[in-house]
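**Student:** Protein chains in written order, with the numbering used here: chain V, 62 to 303; chain L, 19 to 248; chain G, -18 to 454.
Incorrect hints may appear among the rest.
[Said to hold, decoys possible] Simulated pairs of lysine-lysine, DSS-like, Cα-Cα distance not exceeding 30 Å:
1. Lys103/G to Lys242/V
2. Lys447/G to Lys181/V
3. Lys121/V to Lys379/G
4. Lys397/G to Lys161/V
5. Lys417/G to Lys256/V
6. Lys354/G to Lys242/V
7. Lys114/V to Lys81/G
8. Lys22/L to Lys81/G
9. Lys286/V to Lys379/G
No wet-lab data here; the hints were simulated from the structure.
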Amino acid sequence: MRVSLFITCLSDVFFPGVGQSVVEVLERHGAEVDFPQDQTCCGQPAYNSGYHKEARETAKHMVNVFAGSEYVVSPSGSCVAMLRHYYPELLRDEPDWAEKARDLAGKTYEFSEFLIRIMKVEQVDASLCANATYHHSCHMSRGLGIKEEPTSLLSQVKGLNMEELPYCQDCCGFGGTFATKMSTISEAMVDEKVKHIEATGANVLIGSDMGCLMNIGGRLRRTGKDIQVMHVAEVLARGGEK
Amino acid sequence: MATKEREAFLNRIASKLGRPRRSGIKPPDWGAKPYVHLHEKLDQGGLIQQFIENLRMLRTEVLHIFPEEMEWALQQIFQETPAHSVVYWDDERLHTLGLSQLLDKQGVIHRSWDTSVDEQELRNEIAGIEMGIAYAELGLSETGTVMLWNGGGRGRLVSLLPPVFVVVLSDRTIVPRLTEAAAYVHEKVPGGLPACLNFITGPSRTGDIEMDLAFGVHGPGKVHVILLKE
Amino acid sequence: MSVQPLEFFGRVDKALIDEQLRKAVPFTQDRLRDGRFQAANELGNVEEWRNLAAQIRMHTIENLDSYLEQLTDNVVQNGGHVHFASTAEDAVAHVLRITKENNARSIIKSKSMVSEEIHLNKHLESEGLRVIESDLGEYIIQLAGETPSHLIAPAIHKTRAQVAELFSDVAGRPLSDETTELCQFAREELRREFLEADIGISGCNFAVAESGSVVLISNEGNARLTTTLPKVHIAIMGMERLVPTWEELDIVVSMLTRSATGQKISVYMTAMSGPRRPQDIDGPEEFHLIVLDNGRSDILGTAYQEVLKCIRCGACLNVCPVYRHIGGHAYGGVYSGPIGAVLTPLLEGYEEWKELPFASSLCGACTEVCPVKIPLHDLLIEHRKDEVERGHASWQEKLAFKGFGYLTTHSSLYDKAVRAGHMATGWLATDDVIEKGPGPLAGWTSVRDLPRPAKQSFREWWKKEKEGGTHGN
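Let's have the full structure, built from the sequences with the hints guiding it.
**Tutor:** Printed below as a string of structure tokens:
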């Protein structure tokens, strides 16, 4: 099984460890991973801000980058939602491109979704001694309908105790440029999220979108809370080599 | 209605929709009936049971009795909710039950919604009356709703102004849900509907003060249902 | 038409420091959304219901001219009067004319968002008419001199202590903050108003075209009193608020009450089909239906058409994380929450409302619960697009996204930019964390820390570890 990694701009720049973990876990389960070097960003910042002309060009670029891929896997529910739902929509008036966009949409998967639905992974062979809780990011749970996959993977991690996060359906206040444009509202939202995370007693917050985790993690750090944030892939990469 | 005004209004809609004016459209057959599974396993007895339970959850007691037990039922109601004056529909179904005589026996002042009297006088009088009694056309099992077919002697204020409302209906008229009631009304449309139809589900309530449930802020705060075994 | 003294961010700041509001709104929001969640679960097949309700609403809107024609013919046939209002001013003029024709002095109202939309009370009062809101929540905010902050729970932001204070002023004696005492007081006070009012004004939850009926839904019974006691009843409806027949009414009502409060049905559903009949001795002698456009027809045939499916249940407000923290008034318009953020700029333009489409993290919670499947968060993105295209964005932002477009379509340049990230941010970072960023980063770092771009980006790691290569392409 040949898998092209779509790293996402955030992980590429800020969290390379997430990408390394994705590669490690996919390879461990028998996938052959490649990394098309020409990939850039999914274009969501432009799309969500109303710059659809720019987003359309970005989408075409990405469609070309992954044209030869068998599967495209990404450690971000939000970016996958962009490719899956909005590329075909953005390019609908250009039939050739729309066709290519639908092709990309059909072979693109979020990391945990890919492990469970396509690779049929049943044993994760990972261990992490921690008290953790899981943040369901909005675009992943609502946009893609992926809710069970990451938590079922995490439930197999040895030593990991998962606590249910109250109000887990509520947005963390990231929302891309929303976090900077409407920073005071975003602050109120992330503070409530932090309050709920603290209520679980967890010392690790696990998620599937580095956007949310960068937001929550940044607020945790700013307010001096000793809670670590990790991507699902980083958790699953732990202890596998032993 | 100024026809010109209407034509301009409707033409604008058609033009915004980018097509010629339409007229006489009928809704399609929707196919989907998402409500069916909610009740398909219930027979009439089950529907009646559900109707009673739903009302109980709305703090409304249902007395399921034979028509001959009306006197007993009224006694129960007056015991629980003391009232000294009653207004009731001028309705054959209530007269047949001998309501007037039964209320005499309870020793309360009562009058029917007599449309031959002066309106203002009647209105002034019933503003102080403590209980209203009406007869419902249908009962909806899923919600514990009763449907009142107002008009003439079936005054709509009877179910509205007094703080206590008593509604009588036959257990043969309990239907699964709003769907059946809507179909019932739909069939009556060609012959004309009354000026006012009411669907009532338990006592008047509000949650406008900190979501704290309170009863009787405008309509009757107490409702009793007499369900006749027929 | 806004009478807001503060601009958007001022209103937001005011809300965020309002401790009462920050407590009251989440409290009520939780109750309402839990109610809806339970009701949806009880149905077991809520998606089927949503699909059907959405189809019904769309069909009605696509054939709006036909159904409005049928509706208004039937209202006239029932003995009622129909008035068409293209604008808010037209609607107000119709109401004022009817009050004059009837020598009316006092008016009782039942909750109606459309009357808020046309600022009816203000106009009636300036003509010297006495106007009383009868829905308990509306009565509370009328006494407080405010506007509703929620579609179905207008006084969501008020605490019981504040209500007790308002009512005590009216009573001229101190009232306790017990709900029952407050409600009893409101009942007595408002009952008097009902009996004396010359005209009752209501909105319209749904009109039924086939029978010319106006259907009103309430829990308190005030809508019934409003439409029964006064001699004249005026119903004002947004032109899209109708269904073809009673069969469709069943579906949309079932969705409305479940979505709004989680009730399977509200306490009172009343269908008014014209004025009292000759054999009746109660009910209004005159019935008027005002059909209001006020910007709605401009939405027809556009990318926003689906917003007209809205049945004003408020479910989108009850799940919105932004509404949760800023409440309804911060939005500034009559309609708040996600539906308000979509609708207000459509009805009143971007000039005054350009921030609203951005007051959302696009989490999609609204779209998920909407009983008629309006793609609310996608329509917010549509607004953002239109704002950019119509030149409402700043030049800095335009420049930034032009740059973004160029960068993300030129791989080698993008590659260089990623590699340069760490070096370029050295001056900003302490221990690989940026605590105070310049320009567009300031909004981010005012609230939270930003990690410094990693020393070795993923693509560099890949090149080195997986391809054994050196820098560059």
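**Student:** It remains to establish, for every hint, whether it holds in the given structure.
**Tutor:** Here is what the structure says about each hint:
1. About 35 Å separates the Cα atoms of Lys103/G and Lys242/V, which puts this hinted pair outside 30 Å; it is violated.
2. Of the pairs offered as hints, the one joining Lys447/G and Lys181/V holds, with about 25 Å between alpha carbons and a cut-off of 30 Å not exceeded.
3. Proximity of Lys121/V to Lys379/G is assessed by CA-CA distance (about 20 Å); at most 30 Å being required, the pair is judged to hold.
4. At roughly 28 Å between alpha-carbon atoms, Lys397/G and Lys161/V fall within 30 Å of each other, so this suggested pair holds.
5. This hinted pair checks out: Lys417/G and Lys256/V have alpha carbons roughly 24 Å apart, not beyond 30 Å.
6. With a C-alpha separation of about 28 Å, the suggested pairing of Lys354/G with Lys242/V holds against the 30 Å cut-off.
7. Using a Cα cut-off of 30 Å, the hinted pair Lys114/V and Lys81/G is violated, with the two alpha carbons roughly 55 Å apart.
8. The suggested pairing of Lys22/L with Lys81/G holds, with an alpha-carbon distance near 23 Å, which does not exceed 30 Å.
9. With a C-alpha separation of about 37 Å, the suggested pairing of Lys286/V with Lys379/G is violated against the 30 Å cut-off.
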